[in-house]
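Protein chains in written order, with numbering that gives the first Met the number 0: chain A, 0 to 294; chain B, 0 to 245; chain C, 0 to 349.
Don't take every hint at face value.
[As the list claims (entries may be wrong)] With a straight-line cut-off of 27 Å between C-alpha atoms, the simulated DSS-like cross-links for lysine-lysine are: (1) 132(B) with 111(B); (2) 115(B) with 132(B); (3) 130(B) with 115(B); (4) 111(B) with 189(A); (5) 115(B) with 189(A).
[Claimed, not checked] Partial selection, computed: residues in chain B whose CB lies under 7 Å from chain A: (6) 18; (7) 78; (8) 93; (9) 96; (10) 106; (11) 112; (12) 114; (13) 141; (14) 202.
[To be verified] Anything over 12 Å on all C-beta distances counts as not near chain A; from chain B, calculated: (15) 21; (16) 23; (17) 33; (18) 57; (19) 69; (20) 77; (21) 80; (22) 98; (23) 108; (24) 119; (25) 123; (26) 132; (27) 155; (28) 205; (29) 223.
It is worth saying that the hints were derived from the structure and are not from the lab. Ideal Cβ placement from N, Cα and C applies to all residues, glycine included.
Listed here are the chains, written in short residue letters.
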Amino acid sequence: MSDILSILVSTVVLGSIYGLVALGMTLIYGILRVLDMSQGSMVMVGGFVGWAVMTSAGLSPWLAIVAAFAATFCLGVLTQVVSVQPLIGRRGTDFEMITFITTFAVAMVLSNLALQFFGPRQKNVPELVGGSIHLYESVSLPYQSIVMTAIALALMIGFALFLNRSRYGIAIRAVAQDLDAARLMGVPIKRVFPLVMGFASAIAGVAGVFLATQYFASPTAGDQPLLIALIVVIFGGLGSLQGAIVAAYAIGLIQAAASVYVSTTWALPILYGVIVLVLIFRPQGIAGRSLEARL
Amino acid sequence: MPADATTPLLDVRGLSAGYGETTIVRDAALHVGRGETLCLVGPNGHGKSTLLRALTGLLPLSGGEVRFDGERIDGRAAERLTELGIVHIPQGDHLFPDLTVEENLLMGAFPKGAWKGRGDALEAVFARFPKLKDRRRQRARTLSGGERRMVAIGRGLMRQPRLLVIDEPSLGLAPVIVEGVYEIIAGVAAQRTTSILLVEENFTHVEEVADRVCVLEMGRIVRTGLPSELAGDAAVTQSYLGALPS
Amino acid sequence: MTRRPSPLQATFSPAKVVVSVACLVLAALVPFIYPSTYGTGVLVTMLIFTVLNLSWNFVLGIAGVWNFGQLAMFAVGGYGGGLLIIHASLPPWLAIVAGGVGGTLLAVLLALPTLRLVGIYTSLLTFAAAQVVQLVIQNESSGTTGGALGLPSVEGLFGGLDPLWSARAWYWLVLAVVVVVCAAIALLARSPLGLALRTLRDSAAYGAARGIDPRGHRVLAFAISGFVAGVAGALYTVYNGSISPTVMGLTPMSIYVTMIVIGGLGSITGPIVGTALVTAVQQALIDHPGTQLTVLGVVLIAIVVFMPRGIAFEAGRVRDRVVTWMNEEEEVPAAPASPEGRLVGSRKGT
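Using the sequences and the hints given, assemble the complete structure.
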């Protein structure tokens, strides 16, 4: 029973964090047709901003979250302008492959810069809030987890509402579906693309603060979240927002269960094994369209 | 040159345009008055779409000028022209497939000014197209061909355009559906609040809606006149039936 | 006019052969220009990675398959060769070939599930599969692979020579491998197989219409590149005396991708140029190891944006322009069309 409870708690926490990163990645793919490999770095940067604000400057954790959001938003816009925008409309190149590589290069640069500025050692980041609720036997639910999940859900729901109800939200979805028609409607494409990457990177940055408080901040802190986000995004279906959110919790569950029942070290290979199977049998994932995935 | 009620809304002189080295449209001249409906007809492949794209900023001009309400607009990008009230309904609808009918229509009112009045504009469109109101929450990809055409036209009307440019509204539709589409266009034309430039290959319905007709052949405007004049004209019918490449 | 040259002729045209042999001679003499064991060692490592990059470029650039699992084949070749030397006492030469075979096996295994997939999905599958291989090697507890620490000491080659000459012998050995692989890929690229692969890369629909079997060709492309990658891996193990899972990480992968893209995806000399350039940059920044990746990342983005076909291609363009310019001066003025002119001409001819 306590196993199940601890798995549930982990699932909700992990799922919320993964959901933030995966949501951004799937959105970027849906709108820009770019598989953004720099999202992991945004998580890493968020973690460092969290450390810098909370530990180094000793300021409020809420400020850390806002600062991380702002910093990674700017980085996301910069990434789009430098490594994606120049390649749009270029003939004779495989756009998706080449932006995969250039965003990968951005990740490389950011990790290395972080290594230069902050050094290789992991930095501890304090909790957002202390204390916990005792649930059952050895399982307790930290207030921190509740807060993180609440913020993550709020961000995800806010995003979904934005995309479904607001003027720019509908415009962004329109751009993903028919670029030329969106142009004819007067949608400023050159502004939409950087904004989308900015927002996606920003929520990844917030996820980074959360992850840093759970574990630590380090230059390689983004590697695993990137790989897991890739897994989540495929599982949920590239480009599908609902798919990404559902998949995030599903993957969180698989990882939590694997950690408890098998071992933490084998949790990741098991996840990869799962995704290999998904790619073989149902590459479009939960909510994607099969035409796009198959030869 | 200040415009008054007598200057045409759209005035095109000596327009030439093409793709790269090839000139498709040569020295075209036409004008659309305020509240008037002009129909551009001609055999396929003779430059009708090219002319439209040059007019609406999707293609650069290699010669001539285009004036809208007295102001020169040739050379401006398509996005800028929509601000002036020129709405281009392209061939083949280009609806947003996974947006609902209502969302597609709302996108028609995207510019800030139009967005404010979107509620009223939406009601007006639904009044004109009651079938669309029933389907407002359906995704565009699930609609029939005729319904999609209606959404495309409705979307164009959302912005209260001053000039509506429609490219082949009958394309790909069954004759019965085409009748319905032209009833709508005739309704808009009759109100005289919007000028319409219509490109059509199917001459049958042109007489219902057009105040004047231009014939485009081999990239040149060869005849302009009233629909009744041209319908009875042997030369025009020949240009449709006899101008096939041998 | 001139008949179109056969693949053999096109690949080995006289001009190219002369230039290539000249380059080869120069390359072979390099160890004498820098008589340092360390320097030669760097060059050996560079050449080993050149072999890897040639193999990766074949499947990624020439065949256009989104394969991001090449390092798994490299690793399998390296571990396979190493384990055979340790446990089966296989002589190193054979182990290198065995490494190639191991690489091929994994490559084919990897290719099969990707056959139904397109673009990114292939990359994700190969990427994920490579991660699985790395994690399995790392966490494997039976002690066979040595886990994160890598294989125990593996017997090498040229052990009897003194360090400088041993390094040189290695250099010439791997140089020979590079030459062979390069020539093979050049031939393949122009062969019907190569043309088929490039057709499928540029337009799968057209390829299907011409009856080119996308699946068979993909497996073949994987197999060929897998063999070469496996050989590179085994060379690595035998040269370094060991191999560990870190060769497969994201960081090395970024560096190799950088090498290939900078040199030019899909070109044959691209990986050579790219690997050399990046190695040069790394050596130049040897005192500032922390900045290497930043510099490489920035250079990669700059090249993709400004020189998308890579340096080798742009260099080729410059060379072509120079050749054209040189040829312009040799233009013979056109014969005059007037009767007098023709009379003069014909009189000259008699």
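Less than 7 Å between beta-carbons is the criterion; does residue 202(B) satisfy it with respect to chain A?
It is violated, given that the least Cβ distance between residue 202(B) and chain A is near 27 Å, above 7 Å.
Can the restraint linking residue 132(B) and residue 111(B) be considered satisfied, given a maximum Cα separation of 27 Å?
holds, 24 Å
Run the C-beta distances from residue 123(B) to all of chain A and say if the shortest one exceeds 12 Å.
Check passes; 18 Å lies beyond 12 Å.
Agreement of hint residue 78(B) with chain A interface, Cβ distance less than 7 Å
Status holds, d = 5 Å.
Once the closest CB in chain A is found, is it more than 12 Å from residue 57(B)?
It is violated; residue 57(B) is separated from chain A by about 9 Å at its closest Cβ, not greater than 12 Å.
Residue 111(B) and residue 189(A): Cα distance at most 27 Å?
holds, 17 Å
Please work out if residue 130(B) and residue 115(B) have their alpha carbons no farther apart than 27 Å.
holds, 25 Å
Could you let me know if the closest chain A CB is still more than 12 Å away from the CB of residue 223(B)?
At about 28 Å from chain A, residue 223(B) clears the 12 Å cut-off, so the statement holds.
Determine whether the non-interface label on residue 69(B) survives the test: each CB of chain A must be over 12 Å from its CB.
holds, 23 Å
Given as non-interface: residue 23(B), which should sit over 12 Å from chain A by C-beta
Since the minimum Cβ distance to chain A is about 20 Å, residue 23(B) lies beyond 12 Å and the statement holds.
Was residue 119(B) rightly flagged as not at the interface, with every chain A Cβ beyond 12 Å?
holds, 16 Å
Least C-beta distance between residue 108(B) and chain A, which was stated to exceed 12 Å:
Answer for residue 108(B): violated, closest chain A Cβ roughly 9 Å.
Comparing the model with each numbered hint stated earlier shows that hints 6, 11, 13, 14, 18, 20, 21, 22, 23, 27 do not hold.
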